[in-house]
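There are 2 protein chains.
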Amino acid sequence: MTIIGSVVKRVVKKSLIVTLGCVAMLATSAQASEKVYRLKLAETWGPNFPIFGDATKNMAAMAEKMSNGRLKIRIDSANKHKAPLGIFDMVKSGQYDMGHSGSYYWKGKVPNTLYFTSMPFGMTPAEQYAWFYHGGGMELMEQVYSPHNLLSFTGGNSDIQMGGWFQKEINTVDDLKGLKMRIPGFAGEILAEVGAKPTNIAPGELYTSLERNTIDALEWVGPSLDLRMGFHKIAPYYYTGWHEPGSELQFLVNKRTWERLPADLQEILRVAMRTAAYDMYPQATHASGKNWSTIQQTYPDIKVKDFPPAVMKALRDANDRLLAQHAEKDEQAKAIQKSQADYLNQVRSWTNISHRAYLNSQAQ
Amino acid sequence: MTIIGSVVKRVVKKSLIVTLGCVAMLATSAQASEKVYRLKLAETWGPNFPIFGDATKNMAAMAEKMSNGRLKIRIDSANKHKAPLGIFDMVKSGQYDMGHSGSYYWKGKVPNTLYFTSMPFGMTPAEQYAWFYHGGGMELMEQVYSPHNLLSFTGGNSDIQMGGWFQKEINTVDDLKGLKMRIPGFAGEILAEVGAKPTNIAPGELYTSLERNTIDALEWVGPSLDLRMGFHKIAPYYYTGWHEPGSELQFLVNKRTWERLPADLQEILRVAMRTAAYDMYPQATHASGKNWSTIQQTYPDIKVKDFPPAVMKALRDANDRLLAQHAEKDEQAKAIQKSQADYLNQVRSWTNISHRAYLNSQAQ
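Protein chains in written order, with my numbering: chain V, 246 to 609; chain D, 246 to 609.
Derived by calculation from the structure, the hints in this document are not laboratory data. Some hints could be false.
Each pair may be met inside one copy or between any two copies, as identical chains are not told apart.
Simulated pairs of lysine-lysine, DSSO-like, Cα-Cα distance not exceeding 30 Å [what the hints assert, rightly or not]:
#, residue 1, residue 2
1, 317, 574
2, 550, 302
3, 478, 317
4, 583, 535
5, 535, 442
6, 535, 579
Everything numeric in this text was worked out from a predicted model, so none of it was measured.
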């Protein structure tokens, strides 16, 4: 019995050690590797909105696959949450963990969010990515968003936006006076400054408004998203861009959500957002090329026009006046403007001897 | 003893079940979640080579962090493996799991690898990414690499390369005749076709060769990597680019290595490579802007020149003749050339009304 007793004790002891060790290991494993984190993302766009909406799906799919199912992100489109321009507030409050939208939509709430989408006469997509990641842009964006319990990341670039569809040619600055144009946001303020009448109209009413001359002109995006709106069927002039030379969307993340994630899932989420943002740009480029080709083939009389230099100068002067007003009353705005202007000055000098020189040489 | 014996049996049985269950669980866990995969990557570049070498470090760091240490990639630079142009063979044979290099280096071995870095008079980085990911480029690259037991992925873009540093102006096609220029690869073949004498010279001897007029001209990359070579100190003319309008590096992966990885690590590796490739382009853009600014400030007399239209036409005609020769004897080459030409034709039409129009309007 002594022997048997000691065997029992040893067996029991060993089994307990192993069992406890096993439970401990499983518990660690469950905490570190097996727990499923379910996040909710609200996007400004409607369901199946092309390109912009593909960016969120792409991001969520990468995150889920890379995490082996430990990070699941549910995407609510505007039809679900009913607040396309409420993303900032819903992610700030924690009602949603994440958002996908455009930084400049929040300028009425937090003025300096204006600077992180695209600025008139500003940087192209490649220049702006260089500024975000190597020129201090991400750090400035963090300064603006951090007090609101938010992290903001790049969310995908829709490329240089076209200047818009016009019923009449714009030959002089006077042609802008009284011009009724759908052009929202800061670009609208610039047009008002030169005497135009910017309006905002719901997307569903744009076609009819332009067709019935309720408005004289409108800007939307570029061929990638303009084609399905059909504006080329009713407006003969397509003006080249100046007001959004590289519109970058944004991913927003609630800071508490971020801090709750283990380090590996934070990195998976960061990289999934970054890659989905990068991926959007070739997709937009592709769609623009394809759709512009379709427009040219079906409506060969569409005339692509550049605004004359005097018109561009008037718009640029108005832009500079408005920016100076922002900078005067806000040190942070002044610092961001300076960072962007200095960076543009440096990088454009390179873009001119590379992209501009090359594209001009090939067009000869 | 019967009782005690049965207790022993029960304890032993239970302990065995638990222990075996635990071992089974640990084994499963180890296979699916805890096993560390150690891959070896060989890169063409020397240690700490800027930008190109940062791409591999960036990729490996993301992969390790996202996998919580389960995917560790050791990077061997050229000083270690001693075979900068042997990457293709070393990854094909399995001596290395991965490589980082340039597809066009293998054209002597597998001619159609030529098409996946950058082609003279071809696509810009944004256009080429659109072709790779939405225009059939990745699928064509797979056709070329798959028979060699290799997967090839985008590896980072160094932007439009400059046409090079010249001691004398090039005003006519005759000025190219007999011109001794360091310009390797397919671009060198084009220059030979118009009567120049292309040579290849080791990087360490380039500066002295140009200074002592052993060569009349050379191309390297662009300001991002030219600055540290010092060519601006000894050559007065910096010509704009035509021969590599968007050089994309490549990641190579041995197929058996890839198939050995669990699905989550495959996705982590795919996304880490894709993001590191994307990340390289803003870094190259930033370095080009910064370094070009330095060159302009320290050597303000450097003259940026475009090749005259007649010279560009001669180079383009030579390019077209050489490509036609490739296409004649190789159906795959013909298909790739057609895919690239058709895609360029479609997308450039968009680039011209967006990037070209915008950059020209801003330079006024």
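Should residue 550 paired with residue 302 be assigned to within, between, both, or neither, using CA atoms and 30 Å as the limit?
neither (36 Å within a copy, 46 Å between copies)
Could you figure out if residue 583 and residue 535 sit no more than 30 Å apart (CA to CA) within one copy, between two copies, both or neither?
Classified as between; 17 Å across copies, 37 Å inside a copy.
Using 30 Å as the alpha-carbon threshold, which applies to residue 478 and residue 317: within, between, both, or neither?
Classified as neither; 43 Å inside a copy, 56 Å across copies.
Status of residue 574 relative to residue 317 across identical chains (alpha carbons, at most 30 Å):
neither (43 Å within a copy, 51 Å between copies)
With identical chains, the pair residue 535 and residue 579 could be close in the same copy or across copies; at 30 Å between alpha carbons, which is it: within, between, both, or neither?
between (40 Å within a copy, 22 Å between copies)
Have a look at residue 535 and residue 442 and pick one of within, between, both or neither, based on CA distance no larger than 30 Å.
For residue 535 and residue 442, neither the intra-copy (33 Å) nor the inter-copy (41 Å) Cα distance is at most 30 Å.
When each numbered hint is compared with the structure, violations occur for hints 1, 2, 3, 5.
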